[in-house]
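Each chain, letter by letter, is given below.
There are 2 protein chains.
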Amino acid sequence: MSIETIIGDPVRLLLGDKISDAYKQDIYVPKVADVHAVALAKTTDEVRKLVNYAIEQDLKIIARGAGTGVAGAQVPIHGNELIIDVSQMKQIVGFDEATMTLTVEPGVLLSEIQEYVESRGYFYPPDPGSKHSTIGGNVATNAGGMRAVKYGTTRDYVRAIEVVLPTGETVELGSLNIKSSSGYDLKNLLIGSEGTLGIITQIKLKVLPLPKYKQSVLLAFDSVTSATDGVLTILANGIDPTALELFERGTIVYSETFTKQLLPLQTGEAYVLMTLDGNEMATVTSRADVVKQLLQSKAIAVLALDVEQEKLAWKLRDHILVALMEFTEFEMLDEVVPINRFAEMISYTKELQGKHGISVINFGHAGDGNIHTVLMREGLDQETWIAKREALLTDLYEKVAALGGLPSAEHGIGIIKKSYFEKMIHPVELNLMRKVKNAIDPDNRLNPGKLL
Amino acid sequence: MSIETIIGDPVRLLLGDKISDAYKQDIYVPKVADVHAVALAKTTDEVRKLVNYAIEQDLKIIARGAGTGVAGAQVPIHGNELIIDVSQMKQIVGFDEATMTLTVEPGVLLSEIQEYVESRGYFYPPDPGSKHSTIGGNVATNAGGMRAVKYGTTRDYVRAIEVVLPTGETVELGSLNIKSSSGYDLKNLLIGSEGTLGIITQIKLKVLPLPKYKQSVLLAFDSVTSATDGVLTILANGIDPTALELFERGTIVYSETFTKQLLPLQTGEAYVLMTLDGNEMATVTSRADVVKQLLQSKAIAVLALDVEQEKLAWKLRDHILVALMEFTEFEMLDEVVPINRFAEMISYTKELQGKHGISVINFGHAGDGNIHTVLMREGLDQETWIAKREALLTDLYEKVAALGGLPSAEHGIGIIKKSYFEKMIHPVELNLMRKVKNAIDPDNRLNPGKLL
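Read top to bottom, the protein sequences are chains R and E. Residue numbers for the first sequence follow full-length UniProt numbering, so the first one is 1 and each next one is one higher. Residue numbers for the second sequence follow full-length UniProt numbering, so the first one is 1 and each next one is one higher.
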């Protein structure tokens, strides 16, 4: 079957010059290859036919959503890739309140999901920074975000996925059942596999009742180490925060400049911004009080935020990335370490800035050990930047590994972290991943050269 | 290397007549084969050597813990199996409070883990009925239990596992990191794989701070349908119960007779026993009040239990199985359906008892859709029992499948549910499982004939 027969609508089939560079690069990975075609599928059946077409024509396949990935996972590198763009598969298929299950196509945006369920009194906990990412991409990378400390990551909210396999077969993995001891967990194998094992065509998500109350608390500390000590104290005392963000003074100033607004606390070198949620106001307030008591000697200041302050503080936190993009050239990492090594990791990044001559600032999800280390390019020419960056990253990921961490908490390995990943992971485990990939995709058709 | 060299201590190496029948059967699956040897390993290194020995001698391998499994997964069926019994690998290796991680060997009992962490103010949420099962077996079956409705199953508390692969290689899967988008999730693939992909030799478990307060509520309903309606109401209102058990009058009478004590409510055909936990007394009490308000019109009676009543009610619930074993011959199933199909499933089991002439009673974890249907043998001779049981199970699992359910919530497929499992699962998914098994264990050495 010709690709024009599969995708009858010419608007949904891009060939040759009609394929923009946006399909060939991402924010950090430049264009290195062209692609065979871009097909904007509308249905699972079209995806299935496209996979069969790729088999017949011996093409490689890249599945793609909104293209907000930052690890190069959706960037073509061979030249013979068929990009299956699922951003037009954007129906919210149904919402079953009895099982609290939302069924969506992979092109639905995270922001659309959040709005849809919140307007009905429900709550989809995963909260990655990029609200314009698609849920398909979120599942393919096991996206994390702010609320992982209490609620977990995307993985924890996927009840089932419909997948088109590299054989062209379609299968649903997972179910609406809450427990299972019925065979291998293939659903979790697919989640986070970055499009290398199957193409996700439908997703059944678990949602929760929306908590009725929330309260944010801002804490200022004289150092990152004191701040992370504070974080461990909070976690050890059953406070169960929804979000527990840490940022250096050096990161939030970008947001302050960008928004022309100031964080409610101005003293200190590092901040912790925490939200508590719950269905009883008394619980939320009493936990905020416990935090105050626990941390009044460790922190410079502890401030329970009123509604306006809460909005402002979270706006500033959310705008760190946008502000950085406005004012500077940089690369943002997403390494993760066990929560008790967070301070040590951040402190090591500071050593690296002296050693390699690249300024480094950090913010991150302190409650779950995920650091966003930001390497500031500061006008370095391309050659110097590439050399310094690579030397710094080699040191940095060596430290991450030494601390028992991983190169990617939520963005994926893609191609940008592949060489580091291969060094950090145990060869037996890497070999096992390759065996699994080869068993499911023996022709290496799906997103070849990514992740593995 | 000879097996006597690997296991130098003759007490830990059982051969020929020294191998008791306990190694060759379980509560439901009779002895059908002998075994090559039983080796009680003490270390990962011994397990590794035993696997290499099995490779050299071309033996099959069954990993085994306390032998409390009820699906035949640890029963030899070929005659040339080497049983690696890990019940002597029973060290609690360490407890790291900073990351709330307990490291244990696979032979540690669930009850030992619960006691160890609770005495330190922590909490291991999974709570399968058999407290004398080993944690290794819990991981191998993804055991569930009472508290899954709030806290999830074993899978959700495994940070990492050390595994000896069928190649004899040792690898750690997972990590102490809370987030990961760093490669395939092989840890979850191994969890619940019933010893068919690797032998678990060490486990790092996540624990939580022990909730400070709890309150149980007992509700009586005039029918199972009203009771499951009540359950759905509780779940939809953000009550977040720790446990939400449902039992028919017909099951709890066995416990009452066995313990010679009565449930605090005596009216009604079905009961819901719920526990709430939390760190603020006010929250726990107010949720109990909300449950009362929500359900006073649906239930015959709602009783917030005092400490003595709570102990008694849970004792009666916990003793259902023991009481059944004391008074009758039966087979207990562990099917699971989406929570909104729970009533329909139970009601269907009642139809089956008329159709097939086997009495059926039910209890189960209503909050997570997991039903323990109990088939009462009631003196049927072996031939009649086998025929009637099989006819009933064929109908029952067909219904489970039609409702979107699964044959096993927490016990595993083993051999006892294999033929039903194969019919219920989509052939593409089954084939995918076989591909994965073949990729990791191409010689089909680990627990062959089980699950797949």
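If you are wondering where the hints come from, they were derived from the structure by calculation, not from laboratory data. It is possible that some hints are incorrect.
If chains are identical, the list can't say which one is meant, so a pair holds when it fits in one copy or spans any two.
[Unchecked claim] Taking lysine-lysine pairs in the DSSO-like style, the calculated list, with each CA pair at most 30 Å apart, reads:
id : residue 1 : residue 2
1  : K355      : K292
2  : K150      : K214
3  : K150      : K131
4  : K212      : K150
5  : K31       : K49
6  : K49       : K423
7  : K18       : K355
8  : K298      : K206
Outcome of the hint check:
Neither within a single protomer nor between protomers do K355 and K292 lie at most 30 Å apart by alpha-carbon distance, with minima of 38 Å and 64 Å respectively. In this assembly of identical chains, K150 and K214 lie within 30 Å of each other by CA distance both inside one copy and across copies; the values are 14 Å within and 20 Å between. Both within a single protomer and between protomers do K150 and K131 lie at most 30 Å apart by alpha-carbon distance, with minima of 19 Å and 28 Å respectively. For the homomeric pair K212 and K150, the shortest alpha-carbon distances inside one copy (16 Å) and between copies (18 Å) are both at most 30 Å.
When the C-alpha separation of K31 and K49 is checked against a cutoff of 30 Å, the pair qualifies only within one copy, where the shortest distance is 28 Å, while the shortest distance between copies is 50 Å. Taking the closest pair of Cα atoms, K49 and K423 come within 30 Å of each other only across two copies (27 Å); inside a single copy the shortest separation is 38 Å, beyond that limit. For a Cα distance limit of 30 Å, the shortest separation of K18 from K355 qualifies neither inside one copy, at 46 Å, nor across copies, at 65 Å. Taking identical chains as interchangeable, the C-alpha atoms of K298 and K206 lie at most 30 Å apart only when they sit on different chains, with a minimum of 27 Å there against 38 Å within one chain.
When each numbered hint is compared with the structure, violations occur for hints 1, 7.
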